[in-house]
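J.: Going by my numbering, the residue at position 6 of the sequence shown is 6; the numbering climbs one at a time, nothing skipped.
Rather than coming from a laboratory, the hints here were simulated on the basis of the structure. Among the clues, some could well be false.
[Claimed, not checked] Listed next, the in silico BS3-like pairs over lysine-lysine satisfying Cα-Cα at most 30 Å (straight line):
{"#": "1", "residue 1": "Lys13", "residue 2": "Lys57"}
{"#": "2", "residue 1": "Lys57", "residue 2": "Lys118"}
{"#": "3", "residue 1": "Lys236", "residue 2": "Lys70"}
{"#": "4", "residue 1": "Lys134", "residue 2": "Lys115"}
{"#": "5", "residue 1": "Lys236", "residue 2": "Lys118"}
{"#": "6", "residue 1": "Lys115", "residue 2": "Lys57"}
{"#": "7", "residue 1": "Lys227", "residue 2": "Lys173"}
{"#": "8", "residue 1": "Lys57", "residue 2": "Lys236"}
{"#": "9", "residue 1": "Lys227", "residue 2": "Lys13"}
{"#": "10", "residue 1": "Lys22", "residue 2": "Lys173"}
{"#": "11", "residue 1": "Lys57", "residue 2": "Lys70"}
{"#": "12", "residue 1": "Lys227", "residue 2": "Lys205"}
{"#": "13", "residue 1": "Lys134", "residue 2": "Lys227"}
{"#": "14", "residue 1": "Lys205", "residue 2": "Lys236"}
{"#": "15", "residue 1": "Lys13", "residue 2": "Lys236"}
{"#": "16", "residue 1": "Lys173", "residue 2": "Lys205"}
{"#": "17", "residue 1": "Lys236", "residue 2": "Lys173"}
{"#": "18", "residue 1": "Lys70", "residue 2": "Lys13"}
{"#": "19", "residue 1": "Lys70", "residue 2": "Lys22"}
{"#": "20", "residue 1": "Lys24", "residue 2": "Lys57"}
{"#": "21", "residue 1": "Lys205", "residue 2": "Lys134"}
{"#": "22", "residue 1": "Lys236", "residue 2": "Lys61"}
{"#": "23", "residue 1": "Lys24", "residue 2": "Lys70"}
{"#": "24", "residue 1": "Lys134", "residue 2": "Lys118"}
{"#": "25", "residue 1": "Lys61", "residue 2": "Lys13"}
{"#": "26", "residue 1": "Lys236", "residue 2": "Lys115"}
{"#": "27", "residue 1": "Lys24", "residue 2": "Lys61"}
{"#": "28", "residue 1": "Lys118", "residue 2": "Lys70"}
{"#": "29", "residue 1": "Lys24", "residue 2": "Lys13"}
{"#": "30", "residue 1": "Lys115", "residue 2": "Lys70"}
{"#": "31", "residue 1": "Lys134", "residue 2": "Lys236"}
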Amino acid sequence: MNFLTVYRNLHQKVSALYDQLKLKFLEQATGRPRSVSIIEALTLALYWKTQDVTTKKSLWKDFAPACTYKTFVVTLNRFALVALLILRYVIRINRASAHLVKHTDSTDIPVCLNKNAKRHRTMRGLAAWGHSGKGWFYGLKLHLTTDLQRRLLACSFTSGNGDDRAQFLTLNKDLRGIFVADAGYVSNSLTDAFNEDGVRILFAKPYKSMKKLITDWQYHLYNTRVKIENHFRSLKLFRGLVTSLPRSIDGYLGNYVYSLLAHVLA
Numbered sequence: 001m002n003f004l005t006v007y008r009n010l011h012q013k014v015s016a017l018y019d020q021l022k023l024k025f026l027e028q029a030t031g032r033p034r035s036v037s038i039i040e041a042l043t044l045a046l047y048w049k050t051q052d053v054t055t056k057k058s059l060w061k062d063f064a065p066a067c068t069y070k071t072f073v074v075t076l077n078r079f080a081l082v083a084l085l086i087l088r089y090v091i092r093i094n095r096a097s098a099h100l101v102k103h104t105d106s107t108d109i110p111v112c113l114n115k116n117a118k119r120h121r122t123m124r125g126l127a128a129w130g131h132s133g134k135g136w137f138y139g140l141k142l143h144l145t146t147d148l149q150r151r152l153l154a155c156s157f158t159s160g161n162g163d164d165r166a167q168f169l170t171l172n173k174d175l176r177g178i179f180v181a182d183a184g185y186v187s188n189s190l191t192d193a194f195n196e197d198g199v200r201i202l203f204a205k206p207y208k209s210m211k212k213l214i215t216d217w218q219y220h221l222y223n224t225r226v227k228i229e230n231h232f233r234s235l236k237l238f239r240g241l242v243t244s245l246p247r248s249i250d251g252y253l254g255n256y257v258y259s260l261l262a263h264v265l266a
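Generate the whole structure from the sequences, applying the supplied hints.
T.: Take a look at the structure:
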C-alpha cells in the first residue's frame, strides 16, 4: 500500500469521526483560510504515528504543505486538542461495551535521558524523578485501564513520582467489573475504598514475599494482565510515545495525544 492510499484511508477515518462529533464549528468562519485544515492536520499526525515517520520535519518534507515548517509544527500542536476530543469519544464508545474483566497499570515516559535531566527545562514543571522496573527515569507516567478485548477505557498522565494507587481510583471511579492489577496496587485501603459487592472488585497480584493461596481461575485471571503490557509496548515501539525532541510543552503533550489516538484507531 503506497503512502497516498494510506493517507486517503486515514483522511476518510478522520473525516467520519469529525462529522460524528460535529466539530465543524471549530473551523474559522472569516479571515484567511488555514494553510492546513483541521482534518488535514489530524490526518498527517496519524500518518506520522502509524507509518514509522520519525520526526515532524520528515513529515513536513514528505507532504510539503503550503506553509513553513514552524507554522506546520504550531498547527499540529494546536489541533492536538481536537485529537483529544476524538480520543475521548472513542473511549466513551469503548466503555459502553466494555468486557467484564479489566486491567489497570502504568508505564514510565522519560522526557529526556537521565544524564540530561538537570539541564532539561521544557517539561520541568510537569516531569519528576520516578522509578520503574527498569530503574530511575525523569519524566511522566501514563496510566491506562483496558479490558480483556484490548479496548482502551481510561487514561491519564501524572508526574514520574505519581502514586499508582491514588490514580487507580480516579481512572476507574465510573467503571464496573473485575479489575486485575500488579503488585504495585496492593493496598488494604485501596481495596476497601474501591470494592463494591456485586459491582466491582480489585485483584492485585501479591508481592513475592507474601503468602499466596489462590484458585486456578484467579491464577489465569492474573495472567491476562500481559494484555495491558502489550498496549505499552505498542505505544512505545510503534507509536512514538516516548520522545525528547519537542521544544515546547504543547509539543510533548501533542505527541502523547496523537500516539494514543493512533493506537486506538489502528
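J.: Are the hints correct? Go through all of them and say.
T.: Hint check results:
no.: 1; hint: Lys13 with Lys57; in the structure: holds (24 Å)
no.: 2; hint: Lys57 with Lys118; in the structure: holds (27 Å)
no.: 3; hint: Lys236 with Lys70; in the structure: holds (26 Å)
no.: 4; hint: Lys134 with Lys115; in the structure: holds (16 Å)
no.: 5; hint: Lys236 with Lys118; in the structure: holds (24 Å)
no.: 6; hint: Lys115 with Lys57; in the structure: holds (26 Å)
no.: 7; hint: Lys227 with Lys173; in the structure: holds (21 Å)
no.: 8; hint: Lys57 with Lys236; in the structure: holds (20 Å)
no.: 9; hint: Lys227 with Lys13; in the structure: holds (26 Å)
no.: 10; hint: Lys22 with Lys173; in the structure: holds (28 Å)
no.: 11; hint: Lys57 with Lys70; in the structure: holds (10 Å)
no.: 12; hint: Lys227 with Lys205; in the structure: holds (15 Å)
no.: 13; hint: Lys134 with Lys227; in the structure: holds (19 Å)
no.: 14; hint: Lys205 with Lys236; in the structure: holds (25 Å)
no.: 15; hint: Lys13 with Lys236; in the structure: holds (23 Å)
no.: 16; hint: Lys173 with Lys205; in the structure: holds (20 Å)
no.: 17; hint: Lys236 with Lys173; in the structure: holds (27 Å)
no.: 18; hint: Lys70 with Lys13; in the structure: holds (27 Å)
no.: 19; hint: Lys70 with Lys22; in the structure: holds (29 Å)
no.: 20; hint: Lys24 with Lys57; in the structure: holds (28 Å)
no.: 21; hint: Lys205 with Lys134; in the structure: holds (19 Å)
no.: 22; hint: Lys236 with Lys61; in the structure: holds (24 Å)
no.: 23; hint: Lys24 with Lys70; in the structure: holds (25 Å)
no.: 24; hint: Lys134 with Lys118; in the structure: holds (20 Å)
no.: 25; hint: Lys61 with Lys13; in the structure: holds (23 Å)
no.: 26; hint: Lys236 with Lys115; in the structure: holds (21 Å)
no.: 27; hint: Lys24 with Lys61; in the structure: holds (28 Å)
no.: 28; hint: Lys118 with Lys70; in the structure: holds (27 Å)
no.: 29; hint: Lys24 with Lys13; in the structure: holds (15 Å)
no.: 30; hint: Lys115 with Lys70; in the structure: holds (29 Å)
no.: 31; hint: Lys134 with Lys236; in the structure: holds (14 Å)
Of the numbered hints given earlier, the model fails none.
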